[in-house]
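> One letter stands for each residue in the lines below.
There are 2 protein chains.
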Amino acid sequence: MKITILGTGMVGQTVASKLFKLGHIVTMGTRNPEETKQRTQANQITGESFSDWFKKQEGIKLTNLEESALEADFVINATSGQASIDVLKKVGEANLSGKVLLDIANPLDFSQGMPPSLFVSNTDSLGEQIQKEFPELKVVKSLNTMNMLIMMNPESIPGNHNVFVSGNDANAKEKVSGLLKSIGWKQENIIDLGDITTARGTEMLLPIWLRLWTALGHANFNFHIQQSK
Amino acid sequence: MKITILGTGMVGQTVASKLFKLGHIVTMGTRNPEETKQRTQANQITGESFSDWFKKQEGIKLTNLEESALEADFVINATSGQASIDVLKKVGEANLSGKVLLDIANPLDFSQGMPPSLFVSNTDSLGEQIQKEFPELKVVKSLNTMNMLIMMNPESIPGNHNVFVSGNDANAKEKVSGLLKSIGWKQENIIDLGDITTARGTEMLLPIWLRLWTALGHANFNFHIQQSK
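Heads up: the protein sequence lines correspond to chains V and Y, in order. Position 143 of the first sequence, counted from 1, bears residue number 143 in UniProt numbering, the numbering being contiguous throughout. Position 26 of the second sequence, counted from 1, bears residue number 26 in UniProt numbering, the numbering being contiguous throughout.
The hints are simulated quantities; they were obtained by calculation from the structure and are not laboratory data. Note that the coordinates shown come from a computational prediction; the quantities given were computed from them, not determined experimentally. Watch out, some of these pointers could steer you wrong.
Which stretches of chain V does chain Y cover? Using the computed rule of at least three CB atoms under 8 Å from a CB of chain Y, they are [what the hints assert, rightly or not]: (1) 117–123; (2) 155–163; (3) 187–193; (4) 196–203; (5) 208–218; (6) 221–227.
Even glycine gets a Cβ: it sits at the ideal position worked out from N, Cα and C.
Model the full structure from these sequences, guided by the hints.
Structure representation (C-alpha cells):
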C-alpha cells in the first residue's frame, strides 16, 4: 500500500521503518521537509537525530503536509496529540476524504509537568475530535496503548497481549486489522471495542501506563485482557 | 481482623461473605439497618435481595454507620462512588482516624446514561478526594479494576492477572496486600503503583473495562500487565 505517516518523531520513525521493510511505499509528512532533514537533536530513546536516522533510510519519502497524502491509500497519525488536528488540517480535508486514518496519537498534556494528564478525556477523546473535524475520514484508533517498539514488534513481549481497535467504519477497521496482522499481531489478540467513542477507553489507559512505567522501571510491557474460558 | 464493610450492595455482600469465610469478624455499615434488612428488591446479578442474602449469613453484623467502625481494625469502602464521602462522614472522622481504608469504589457517573462516565478523573481521583477529606485515614485504593467475583476469587480467571495498589502509607499498603494474599492473590500479581495519586490510573481503567464488557459479551476478565523478561 501507499502509506503516509504524519509525524517525524520517534513513533513516526519506528512506524515508517517497519512499514517500509514490509514492502509498503512510505511517505512521511512534515511541515517543513528541509528543516526536518536538518534536525540534529538526538531523541531521548534511540540517541539518534532525525537527520542521522533519515540518511540511513533508502526509499522513504519526506514531503510537506499538503502533498503528503495526495496518493496515499492509508494515513497514519503519529503526531503529538496536541498537534494532530492542526496537522490534519494542513494535510487538507479534500486530500483525506474517504481515506482510512490509523490514529495512534494520545491527548497528552505536559503543561502541568510529569506525569502528563490528558487534554481531552472521559466524555470525549482525541479520536472522536478528529472524526468530528473530518467526517469523511475513516478514523480508526489503535496501537496507542503501548510503546512504539511493541507496536511494531509485538513479539518483543512474550505470550499474548492485546491491541485495541475503535472506529465507526467496519471496512476501515478490517483494513487496520490486516495491517496489524502483517506487523505480527495475532488475530486473537486484536480486540474490536466498537465505534470511535470507545477510543475514550484506550486513551484513558495512558494514566495507568505512565504510572506502570514508573512502578516497573521499564516500558517493555503491554496490557493483556485475561479471560475465563 | 475486625473488618467493617461500608455498603450493602452486591460488592459489599460479596466481600463480606468471603472475608467472613476467611475467619474475620465482619460488620457491615448502612444508614438504616432495619430498613436495609427489609430490602426485597432482587439484585441484577444474583437475583437475590439483601433481605434474602442476609438471612443466610450467620455471624455477619449489620449496624448503622456511626457505630460501624468503632472497633474496626480495617475498613472497606464498597459504597457507590457518589455516596462514598458522605457515608464516610457519617461513619465519623474520629472513628476512622489512624485506620486503614481499602477503597474499592469507582467514581461512576450514570447521569448521562450508559456507559457511565467518571465524575472525577484525569487530574484528581475519588481515592485522592477521600484521602484529602480524611487526612488521618490511611487510604489504599485497590480491587476497583475488576468485577466483584474476581476480586474475591482470583482463581476464577486462569493464569496470571493483576491487582493494583495505590496509597501514601507503606504499612497500610502492606496490610492490604496481606489481605489480598489471604483471598488468593499471588504476590507476583500485586502491583504497587505508588502513592494515592496513582488511583487516577486505576479509576481511569473503568471506561475501557465497561467497553470490554460490551465487546466481549461478559465480565469474566481482568487486566494483566504482560512484560518482557
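> Evaluate each hint against the coordinates.
So, going through the hints one by one against the coordinates:
1. For the stretch 117–123 of chain V, the assignment as covered by chain Y holds, since 5 residues bring a beta-carbon within under 8 Å of that chain's beta-carbons and 3 suffice.
2. Requiring three or more residues with a Cβ within less than 8 Å of a Cβ of chain Y, the coverage given for the stretch 155–163 of chain V holds, as 6 such residues are present.
3. Interface restraint, the stretch 187–193 of chain V with chain Y: holds (3 residues with C-beta to C-beta distance below 8 Å; minimum three).
4. With 4 residues having a beta carbon nearer than 8 Å to a beta carbon of chain Y, the stretch 196–203 of chain V meets the requirement of three or more and the stated coverage holds.
5. Counting residues of the stretch 208–218 of chain V whose C-beta sits closer than 8 Å to any C-beta of chain Y gives 9, which meets the bar of three, so the coverage hint holds.
6. For a cut-off of 8 Å, the count of residues in the stretch 221–227 of chain V with a CB near a CB of chain Y stands at 7, and the three-residue condition holds.
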